[in-house]
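Novice: What follows is each chain in one-letter form.
There are 2 protein chains.
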Amino acid sequence: MKTTYGKKYISMATVSRMATYLQCLTYLEHQHTSTVSSHELAALLGVTPEQVRQDFSTFGLVGKRGSGYDVVRLKTEIELIFGRGVDRWKCCIVGAGSLGTALVSSHMVQKWGFKYAAAFDTDPRKIGTHIGRIPVYAVEDLKDVIRREHIAIGVMTVPASSARKVADLLCEAGIRGILNFAPRVIKVPASIPVLSVDLSQEFLKLAFYIQSAEQRAREQQAQIEATSHGE
Amino acid sequence: MKTTYGKKYISMATVSRMATYLQCLTYLEHQHTSTVSSHELAALLGVTPEQVRQDFSTFGLVGKRGSGYDVVRLKTEIELIFGRGVDRWKCCIVGAGSLGTALVSSHMVQKWGFKYAAAFDTDPRKIGTHIGRIPVYAVEDLKDVIRREHIAIGVMTVPASSARKVADLLCEAGIRGILNFAPRVIKVPASIPVLSVDLSQEFLKLAFYIQSAEQRAREQQAQIEATSHGE
Chain G
1 MKTTYGKKYI
11 SMATVSRMAT
21 YLQCLTYLEH
31 QHTSTVSSHE
41 LAALLGVTPE
51 QVRQDFSTFG
61 LVGKRGSGYD
71 VVRLKTEIEL
81 IFGRGVDRWK
91 CCIVGAGSLG
101 TALVSSHMVQ
111 KWGFKYAAAF
121 DTDPRKIGTH
131 IGRIPVYAVE
141 DLKDVIRREH
151 IAIGVMTVPA
161 SSARKVADLL
171 CEAGIRGILN
181 FAPRVIKVPA
191 SIPVLSVDLS
201 QEFLKLAFYI
211 QSAEQRAREQ
221 QAQIEATSHG
231 E
Chain V
1 MKTTYGKKYI
11 SMATVSRMAT
21 YLQCLTYLEH
31 QHTSTVSSHE
41 LAALLGVTPE
51 QVRQDFSTFG
61 LVGKRGSGYD
71 VVRLKTEIEL
81 IFGRGVDRWK
91 CCIVGAGSLG
101 TALVSSHMVQ
111 KWGFKYAAAF
121 DTDPRKIGTH
131 IGRIPVYAVE
141 DLKDVIRREH
151 IAIGVMTVPA
161 SSARKVADLL
171 CEAGIRGILN
181 FAPRVIKVPA
191 SIPVLSVDLS
201 QEFLKLAFYI
211 QSAEQRAREQ
221 QAQIEATSHG
231 E
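Protein chains in written order, with the numbering used here: chain G, 1 to 231; chain V, 1 to 231.
Rather than coming from a laboratory, the hints here were simulated on the basis of the structure. It is possible that some hints are incorrect.
When chains are identical, the list treats them as one kind, so a pair holds in a single copy or across two.
Stated by the list, open to error - The list that follows gives simulated cross-link-like pairs (lysine-lysine, DSS-like), each with its CA atoms no further than 27 angstroms apart:
(1) Lys165 - Lys143
(2) Lys165 - Lys187
(3) Lys111 - Lys187
(4) Lys165 - Lys111
(5) Lys165 - Lys115
(6) Lys90 - Lys64
(7) Lys115 - Lys64
Okay, chain G solo, but in the shape it has when bound (with noise of 0.2 angstroms):
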């Protein structure tokens, strides 16, 4: 995906790293830290000092000499490149399954200014229940609740099986971006971002992980043991 701010282009990387510095800044906040260094950041995140100077500046985020950035504006001003605070981000899940469920009831969402308002199913058993107090409707609905209820993202958690049907319809209800949790890739106007997310990858990525870091371990080992050997 090619993404711009303002007249540069952006690299989903560092999108990316923009979401986790908020985080971390979050969370340097409710430990009541004042300031941060880009040292500090640069050490949280696992990347460099020079990265992380790079980023805000690409954003125009400049801290002071000598004592760095202070926390709660930082935080701030990372929050507005977010779109924070517009108040617009109005989102629905389409297929009450377990995920949906999970994501509807997970509150991590909202402290960014993100709500759910409606959520959608096939089943007639769920169609007219609630999760928590968010509204479960039929597909069939989607389009004229999308539109009522100015909604700006929708989570796919659908079967793969009906991802490119679920696409089409949240498109041609004028959705403004889609999140695809189905393990199908999915095809809509390039106008229209989408953000699909395989948690299999993550299992994926851990057992890489895992085998570098044993590797590293067992030559470690044979290191030590080579050198008592020698001595």
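Please build the complex by placing chain V on the supplied structure of chain G, with the hints as guidance.
Specialist: Same frame as chain G, now just chain V:
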């Protein structure tokens, strides 16, 4: 997290891309595509062809000049890099709530050689039941079950308040890696890789992409109008 492959340092971004290549290759295999060029893979991922070739050469994967990469062979080679085929990625879920249930019920991870062997919870109504075929044990039995079943990966879907206690228990049990869905930073010995997944970050990123796309659309519209006025 510092990661190595052989003697080489590997960035987390590279590991992420490798997992995405694997997903793409699986898709291409299903489509009965026999070969793929670095240009085609680059287009699917939204990166440059140079990036694809650099990533593959890091892991010693080479294509044929002119005909590109053999899909099935490349997929098998990347699977091996991720530890597929070693049949040792037994997983457990700690926290049998809606997210835990969603993860265990999803069959997405099984195709990569991961297998859920146990779930743990503190709720007496859940202990002794099953999620699909996976037994739900009491958290008190966590260490015994992990050791007995040789479970490699602990997936934490517990509330923030119990995250640190559960992480300690997993480490004491000899877990090899942790996938943390709890919204809390956890500290474990450096030898045990932890991958924290914060789904709210995906919402933030999507909000950024939406704003960026809508800003571009407005600019293009303004340009069209300016041009037509100038005629």
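Novice: Run every hint past the structure and note whether it holds.
Specialist: Evaluated hints:
1. In the homo-oligomer, the alpha carbons of Lys165 and Lys143 lie at most 27 angstroms apart inside one protomer (13 angstroms), although the nearest pairing across protomers, at 45 angstroms, exceeds that limit.
2. In the homo-oligomer, the alpha carbons of Lys165 and Lys187 lie at most 27 angstroms apart inside one protomer (10 angstroms), although the nearest pairing across protomers, at 43 angstroms, exceeds that limit.
3. Taking CA atoms no more than 27 angstroms apart as the test, Lys111 paired with Lys187 passes between copies only; the shortest distance there is 24 angstroms, against 30 angstroms inside one copy.
4. Within a single copy, Lys165 and Lys111 get their C-alpha atoms only as close as 31 angstroms, which misses the 27 angstroms cut-off; across copies the closest is 25 angstroms, which meets it.
5. Taking the closest pair of Cα atoms, Lys165 and Lys115 come within 27 angstroms of each other only inside a single copy of the chain (24 angstroms); across copies the shortest separation is 30 angstroms, beyond that limit.
6. Within a single copy, Lys90 and Lys64 get their C-alpha atoms no closer than 36 angstroms, and across copies no closer than 49 angstroms, so neither meets the 27 angstroms cut-off.
7. For the identical chains of this complex, Lys115 and Lys64 are neighbours neither inside a copy (35 angstroms) nor across copies (50 angstroms), given an alpha-carbon limit of 27 angstroms.
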